[in-house]
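Chemist: Now for the letters of each chain:
2 protein chains.
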Amino acid sequence: MKISKYKHNSDISYTLGITLTIELLKHKPDRVKMVFLHSSLTNGEGYSCIAKLAEEHSIPIEYNDKVFNILSQKENCFAIGVFEKFENPVNERENHILLVNPSNAGNMGTIIRAAVGFNMSNIVVIKPGTDIFDPKTVRSSMGAVFSINFQYFDTFEEYKENFSNHALYPFMLNAKSSLECAQFKEPCTLIFGNEATGLPEYFSKEGTSLIISHSNKIDSLNLPVAASIAMYELTKGNF
Amino acid sequence: MKISKYKHNSDISYTLGITLTIELLKHKPDRVKMVFLHSSLTNGEGYSCIAKLAEEHSIPIEYNDKVFNILSQKENCFAIGVFEKFENPVNERENHILLVNPSNAGNMGTIIRAAVGFNMSNIVVIKPGTDIFDPKTVRSSMGAVFSINFQYFDTFEEYKENFSNHALYPFMLNAKSSLECAQFKEPCTLIFGNEATGLPEYFSKEGTSLIISHSNKIDSLNLPVAASIAMYELTKGNF
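These protein sequences, in sequence, are chains A and B.
FYI, the working numbering numbers position 145 of the first sequence as 145, with every residue one higher than the one before it.
FYI, the working numbering numbers position 88 of the second sequence as 88, with every residue one higher than the one before it.
Just so you know, the hints here were simulated from the structure itself, not pulled from any lab data.
Among these hints, one or two may not hold up.
One copy or two, either will do: identical chains are not told apart, so a pair holds if it fits within one copy or between any two.
Claimed, not checked - List time: in silico BS3-like cross-link candidates among lysine-lysine, alpha-carbon distance up to 27 Å: (1) 85 <-> 74; (2) 7 <-> 205; (3) 176 <-> 74; (4) 28 <-> 217; (5) 5 <-> 74; (6) 52 <-> 2; (7) 136 <-> 33.
Looking at chain A on its own, in the form it has when it is part of the complex (with noise of 0.2 Å):
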C-alpha cells in the first residue's frame, strides 16, 4: 500500500496515535483499510487493545517506520491508523451545529469533541470549511469525529430548504437576544461563522439570533469556546 502525506481529495486519511487508533478501530472497523506500527511498539495496553481489535476485524498491522516519518510530525506517534473517508448525514429529528466556512482543523475537532460530549452529535459545514477528514481535525476531535454525523452543504439555503423543521439560531455580535435568556425551540440549529469574519450579516435575518455577552475588553470568544459554551447552555440539565 502506497502512503503519501495527507491530501484533502485523498479517499483516504489517518490517525496519528495510539489512543486515536483504538477509538477509529472501536467506531468505524468497517472503514479501516490497514494500521501501522512503529518499531518500538512491541508490548503494553495500546499494542494489546490495537492487535485485539485489528484481529477482530481482520484488519492487516504492519510495522513500518518510514510511514511514520512520512505522515507524523510528532516524536511519540507509535501507531497509524489509515481509513477511507465516509459520510455520514445528519438526522432531522435532532439538534445540528452549523458552522459557515470554518477556517482551523484544529477548532473543528475541538468542536467535534465538545459536540459529542453534550450529544449534539450533527454537524453540519458550509462550504468553503476545513476538511472534517484532516489529521489536525481528527486528533483535537479525539477520535470523537467517529462517532458523529456531518454532512457540507454549498450553500447556507440548500441547507434551510432541506431541513425547514429547525429553528435557527445564529450567533453574532450584534445580536437581539443573549444566550442566557434564550428559549430554545426544538430541533434546532446553532450556527457559528468563521473564527475571523464570524458570521456575515444577513444571518441577523434568520431565526433567533443571540450573544454569549462579554466584557468589550475582547473582540469575540474563541470559536470552540462560543459553541461550547452553546451547546452547554442549550442541553444541560440533560446529562
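Add chain B to chain A, keeping to what the hints say.
Modeler: Just chain B, lined up with the frame of chain A:
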C-alpha cells in the same frame, strides 16, 4: 539589540503580528523595548497605528527582516514587539481562575482570552505550568495577556494560605455537584487540572468539587472549553 529565539528563562518576550503588537503598545507601553517591522509593511491601518503608539511612548521602531526569520515561522507576520516580562499579582477581592500544571501554551492563551471576556482577569498557575509569556500563549490570548493579573505558586498549599478568603471550586470528573446547580460564594477560585491528567484526587476534599456534566461518549472536555463554560456560568447576567 541582540535577538534570539524565545527562551522561558529570558527576561524578554515577543508579540508576533500586527494586532498583537498593537495590543501590547496599548496596554503595556512602559514594558516595550522596541518594535520590529518587516520591509513590506510601510503603510496601512496597522502600520499607522503602530507608528502612532510608538511615537507617543518614544519606543524605537526598526525595519529588520532578519529578525522575522529568527522569531516567526509564519509568513503573515509583519510586526514584532519586544517587551520585558512583568509581574501583576492577583487581586484578593476578585474571583480567580487557578490552573494546576497546565501544559499547553495555546490552551493557556485561549483561557486568558475567555477570562478577560468574562471579567475574570485574575489567573493563578501552580507550577510546573506553561509559561504565560510564551509567544504562543500571547498569540492565542489575542493580546488579552496584557490586561490580566497573574501569579505563579510553587504549591496549591501556598496559594491557599495567601487567599484563605476564597471559596474553592475544583472541577473534577468525580465531583459532588454539577456546575449548573452550583451556588457560588464569592470571591471564589475555579480550579482546573492538567490537560491529560486532570486534578489530583486530593482536590475532591477542597471546597465544593464540580463537574460539567456530559455524555460518556467522551472522556472529558477540552481544558479551555471547560474553563470557559465555568466562567460563563459564574458570571452570566453580569454583561
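Chemist: Each hint needs a verdict: does it hold in this structure or not?
Modeler: The hints, checked one at a time:
no.: 1; hint: 85 <-> 74; in the structure: within (23 Å within a copy, 30 Å between copies)
no.: 2; hint: 7 <-> 205; in the structure: neither (37 Å within a copy, 49 Å between copies)
no.: 3; hint: 176 <-> 74; in the structure: neither (45 Å within a copy, 38 Å between copies)
no.: 4; hint: 28 <-> 217; in the structure: between (44 Å within a copy, 15 Å between copies)
no.: 5; hint: 5 <-> 74; in the structure: both (14 Å within a copy, 21 Å between copies)
no.: 6; hint: 52 <-> 2; in the structure: within (25 Å within a copy, 56 Å between copies)
no.: 7; hint: 136 <-> 33; in the structure: within (20 Å within a copy, 37 Å between copies)
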